[in-house]
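Participant: Sequence:
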Amino acid sequence: MEGTTIHDNCTTLLGDVTFQFASLPTIDTSLYDLSSEEAAFFKAEIGIDDDEGLKRHILEVQAKAYKIAPYPCIHGFVFLRLNISSYPVYEHILKLGRERPDAVLLDLGCCFGVDGRKAAADGFPAKNIIASDIINEFLELGHELFRTTPTSYPGCLLPGDVFDPEFLSIAARQNNVSSVPAIDLSSLKSLNPLHGRISAISATRLFHLFTEDKQLHLARALAGLLSAQPGSVICGSQIGSLEKGMVSANISGSVHQLYAHSPKTWSSLWDGEVFEKGSVEVETELLEVMIHEVQFFMMRWSVVRL
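Residues 120 to 425 in the working numbering are what the sequence shown lists, from first letter to last.
A hint or two may mislead.
Derived Cβ-Cβ restraints for the label pairs, each shown as a range [as the list claims (entries may be wrong)]:
no.: 1; residue 1: D152; residue 2: E256; range: 33 to 39 Å
no.: 2; residue 1: R339; residue 2: D303; range: 22 to 28 Å
no.: 3; residue 1: L178; residue 2: P269; range: 23 to 29 Å
no.: 4; residue 1: E285; residue 2: K162; range: 38 to 44 Å
no.: 5; residue 1: E256; residue 2: L425; range: 35 to 41 Å
no.: 6; residue 1: D332; residue 2: E156; range: 35 to 41 Å
no.: 7; residue 1: R339; residue 2: A182; range: 35 to 41 Å
no.: 8; residue 1: K162; residue 2: A182; range: 19 to 25 Å
no.: 9; residue 1: L405; residue 2: E179; range: 32 to 38 Å
no.: 10; residue 1: D170; residue 2: S306; range: 39 to 45 Å
no.: 11; residue 1: S309; residue 2: D147; range: 36 to 42 Å
no.: 12; residue 1: D152; residue 2: P349; range: 25 to 31 Å
no.: 13; residue 1: P312; residue 2: E218; range: 21 to 27 Å
no.: 14; residue 1: D303; residue 2: E392; range: 31 to 37 Å
Bear in mind the hints are in silico, worked out from the structure with no lab data behind them.
Heads up, the beta-carbon is just placed ideally off N, CA and C, and yes, glycines get one too.
Let's have the full structure, built from the sequences with the hints guiding it.
Facilitator: Structure representation (structure tokens):
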């Protein structure tokens, strides 16, 4: 992500979206709500069996994160959602982890890295999972949330700004499908050494934070990271629309203007503009969702190399 700024006057800039409040919303514990799947996952991974103990632990971590960056996703407990496992391509991603030598999964804009932990729990090799966010403290809080250390959980935590070319530059799309030597992920300082090497990229609730031009820039940057091997995949979800353009989104009681693609324009962006037309298969699904009594169109999508 880019341009994350916290001001004392309760103004927070996240990407190109400004969140401004007369006073900072206090943490509302009534918003805490786990599905049965989420509760089972966190209990198993954290090692807390009872519901109240789990809630207390999560609230403690949330409070620390909210002091660092009072984002709506922290306030509304969105960071607890298991997103990647809801994507139709999830089983395909797990298969890549099982069958492709040294397959790498990148969870981009990941906050505490929950989706990467979910993939690891389901069998994707943890040492080949990269959790990346612009806020390093969120990545470190991931260890606190899951009660792990770099030794007990060997996944790579890589802070950085995806619009900083020193961290992620736009590279030519790779067409060489031959395998390449593995890289020691623990030595990474940026994503640039991984051009053409990543098998699966997840970008959840990320693209809608940016303007139309920056969304295209980010798509091209991710395309440069993707392996040319057939089956390599980029997937994610974000606010969508029936027609592309600016949409109003009520987030934490404040209305914001976000740029949203339609399924048609999102598909044509990837198949024909970012990648050569016909070289990828794009799947999109526009869903009506209700989050804390606010209705959104969310677009779930995947781009798979053919």
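Participant: Could you see if the CB distance from D332 to E156 stays within 35 to 41 Å?
Facilitator: Holds, since D332 and E156 (Cβ atoms, about 37 Å apart) stay within the stated range.
Participant: Does the Cβ distance between P312 and E218 fall inside 21 to 27 Å?
Facilitator: At 24 Å between Cβs, range holds.
Participant: Confirm or reject the claim that R339 and A182 have a C-beta distance inside 35 to 41 Å.
Facilitator: Between R339 and A182, where Cβ atoms are some 38 Å apart, the hint holds.
Participant: At the C-beta level, are L405 and E179 separated by a distance inside 32 to 38 Å?
Facilitator: holds, 37 Å
Participant: Does the hinted range 35 to 41 Å hold for E256 and L425 at CB?
Facilitator: At roughly 40 Å between Cβ atoms, L425 and E256 fall inside 35 to 41 Å, so the hint holds.
Participant: Could you tell me whether the CB distance from K162 to A182 stays inside 19 to 25 Å?
Facilitator: holds, 20 Å
Participant: Starting from the range 38 to 44 Å, see whether the pair E285 and K162 falls in it by beta-carbon distance.
Facilitator: holds, 40 Å
Participant: Can you tell me whether the CB distance of D152 to P349 sits inside 25 to 31 Å?
Facilitator: Between D152 and P349, where Cβ atoms are some 40 Å apart, the hint is violated.
Participant: Can you let me know if the beta-carbon spacing of D152 and E256 is within 33 to 39 Å?
Facilitator: Violated, since D152 and E256 (Cβ atoms, about 25 Å apart) do not stay within the stated range.
Participant: For D170 and S306, compare the CB-CB distance with the range 39 to 45 Å and indicate the outcome.
Facilitator: With a Cβ separation near 40 Å, D170 and S306 satisfy 39 to 45 Å, so the hint holds.
Participant: Range hint 31 to 37 Å: satisfied by the CB atoms of D303 and E392?
Facilitator: The hinted range 31 to 37 Å holds for D303 and E392, with Cβ atoms some 34 Å apart.
Participant: Taking the beta carbons of R339 and D303, is their distance inside 22 to 28 Å?
Facilitator: holds, 27 Å
Hints 1, 12 from the list above are not met by this structure, while the remaining hints are.
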